[in-house]
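Order-wise, the sequence lines are chains A and B. The numbers in the numbering used here rise by one with no breaks, and the one at position 42 of the first sequence is 42. The numbers in the numbering used here rise by one with no breaks, and the one at position 34 of the second sequence is 34.
Be careful, since some hints might not be right.
[To be verified] Straight-line C-alpha distance at most 16 Å; calculated EDC-like pairs for lysine to aspartate or glutamate:
1. A:K46 - B:D87
2. A:K87 - A:D31
3. A:K46 - A:E10
4. B:K58 - A:E10
[Unchecked claim] Stretch by stretch, here's where chain A covers chain B in the computed footprint (C-beta under 8 Å, at least three residues):
5. 9-23
6. 28-42
7. 102-112
[Claimed, not checked] Simulated DEER-style distance windows between Cβ atoms:
8. A:T28 - B:E60: 19 to 25 Å
9. A:G42 - B:E84: 37 to 43 Å
10. A:T30 - B:I111: 40 to 46 Å
11. A:A40 - B:I111: 37 to 43 Å
12. A:K57 - B:G16: 46 to 52 Å
13. A:A40 - B:H31: 16 to 22 Å
14. A:K65 - B:S32: 47 to 53 Å
15. B:K108 - A:K19: 30 to 36 Å
16. B:H31 - A:S75: 32 to 38 Å
17. A:G42 - B:V63: 32 to 38 Å
18. A:D31 - B:H31: 19 to 25 Å
19. B:S32 - A:G15: 43 to 49 Å
20. A:S117 - B:S70: 48 to 54 Å
Since the hints were made in silico from the structure, they are not lab data. Idealized CB from N, CA, C, for every residue including glycine.
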Amino acid sequence: QIQLVQSGPELKKPGESVKISCKASGYTFTDYAMHWVKQAPGKGLKWMGWINTYTGKPTYADDFKGRFVFSLEASASTANLQISNLKNEDTATYFCARSSTVAFDYWGQGVMVTVSS
Amino acid sequence: DVVLTQTPPTLLATIGQSVSISCRSSQSLLHSNGNTYLNWLLQRTGQSPQPLIYLVSKLESGVPNRFSGSGSGTDFTLKISGVEAEDLGVYYCMQFTHYPLTFGSGTKLEIK
């Protein structure tokens, strides 16, 4: 069955970096785009951008340009999100989500990233 | 950016009651290819969002048919015909027509 399994929770200090992963299984990884979504504690969902899993080209929403990097390990069917120079406001749960041509059809379980001094 | 306004923010329902959630868009979600990319998601507490409906009214596989979606252009509705206990959580509409992709602010369904 199709699954997106994300890495575990992270506790970081301001200024540090974090890399979280999203491992896909049950389908051909390069056939579907991968998106990233942020959910701050108690808040709604915010789209961060997506990566073309065939070409590796990332596209970032305006609020996520600069410190955020989407990457792939295609041989391992894995998408990664790296955040550098962490700030308190980066504390959130980060989801990966596979997109068909019409919707997000599968989601990872989410990774809680806590930034605290 | 497309703003999706969901109402009501909170919905209190009894088991068996039918309820509706509205999602209004700041611009038309009709794509030039003729599709309207408006989706509905349910996020239960502590879980990732679960897709319910795509292309306004098409049910995702495994979603009970008490859920239905309707609408066009800028006005959309999710209806639950006969709420069940497992339906509690936060419902989000989401548009897939224009970049950046955007979500509504959510409607929390609580069971009396």
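Hint check results:
1. Straight-line distance between C-alpha atoms of K46 (chain A) and D87 (chain B) comes to about 23 Å, which puts the hinted pair past the 16 Å bound.
2. With a CA separation close to 34 Å, the supplied pair K87 (chain A) and D31 (chain A) exceeds the 16 Å bound.
3. For the suggested pair K46 (chain A) and E10 (chain A), the alpha carbons sit about 20 Å apart, so the restraint of at most 16 Å is broken.
4. Taking the CA atoms of K58 (chain B) and E10 (chain A), the gap is about 37 Å. The hint is violated against a cut of 16 Å.
5. Using a Cβ-Cβ cut-off of 8 Å, 0 residues of the stretch 9-23 of chain B lie near chain A, which falls short of the minimum of three, so the contact claim is violated.
6. With a cut-off of 8 Å between beta carbons, the stretch 28-42 of chain B has 4 residues touching chain A; three or more are needed, and the interface restraint holds.
7. Interface restraint, the stretch 102-112 of chain B with chain A: holds (5 residues with C-beta to C-beta distance below 8 Å; minimum three).
8. The beta-carbon spacing between T28 (chain A) and E60 (chain B), approximately 20 Å, falls within the hinted interval of 19 to 25 Å.
9. A C-beta distance of roughly 25 Å is found between G42 (chain A) and E84 (chain B), which places it outside the suggested range of 37 to 43 Å.
10. Between T30 (chain A) and I111 (chain B), the C-beta spacing of about 42 Å keeps the proposed range 40 to 46 Å intact.
11. Taken as a hint, the range 37 to 43 Å is violated for the pair A40 (chain A) and I111 (chain B), whose Cβ atoms sit roughly 26 Å apart.
12. Judged by the Cβ atoms, the range 46 to 52 Å given for K57 (chain A) and G16 (chain B) holds: they are separated by roughly 49 Å.
13. Checked against the given bound of 16 to 22 Å, the beta carbons of A40 (chain A) and H31 (chain B), roughly 30 Å apart, lie outside it.
14. Distance hint check: the CB atoms of K65 (chain A) and S32 (chain B) are about 27 Å apart, inconsistent with the given range 47 to 53 Å.
15. Our hint of 30 to 36 Å for K108 (chain B) and K19 (chain A) holds, since their Cβ atoms are close to 33 Å apart.
16. Hint check: H31 (chain B) to S75 (chain A), Cβ distance near 34 Å, so the stated range 32 to 38 Å holds.
17. At roughly 26 Å, the beta-carbon separation of G42 (chain A) and V63 (chain B) lies outside the given 32 to 38 Å, and the hint is violated.
18. In this structure the hint that D31 (chain A) and H31 (chain B) lie 19 to 25 Å apart at CB holds, the actual value being about 21 Å.
19. Distance hint check for S32 (chain B) and G15 (chain A): the Cβ-Cβ separation is about 45 Å, which falls inside the suggested range of 43 to 49 Å.
20. The beta-carbon spacing between S117 (chain A) and S70 (chain B), approximately 49 Å, falls within the hinted interval of 48 to 54 Å.
Hint compliance for this structure: hints 1, 2, 3, 4, 5, 9, 11, 13, 14 and 17 are not met, and every other hint is.
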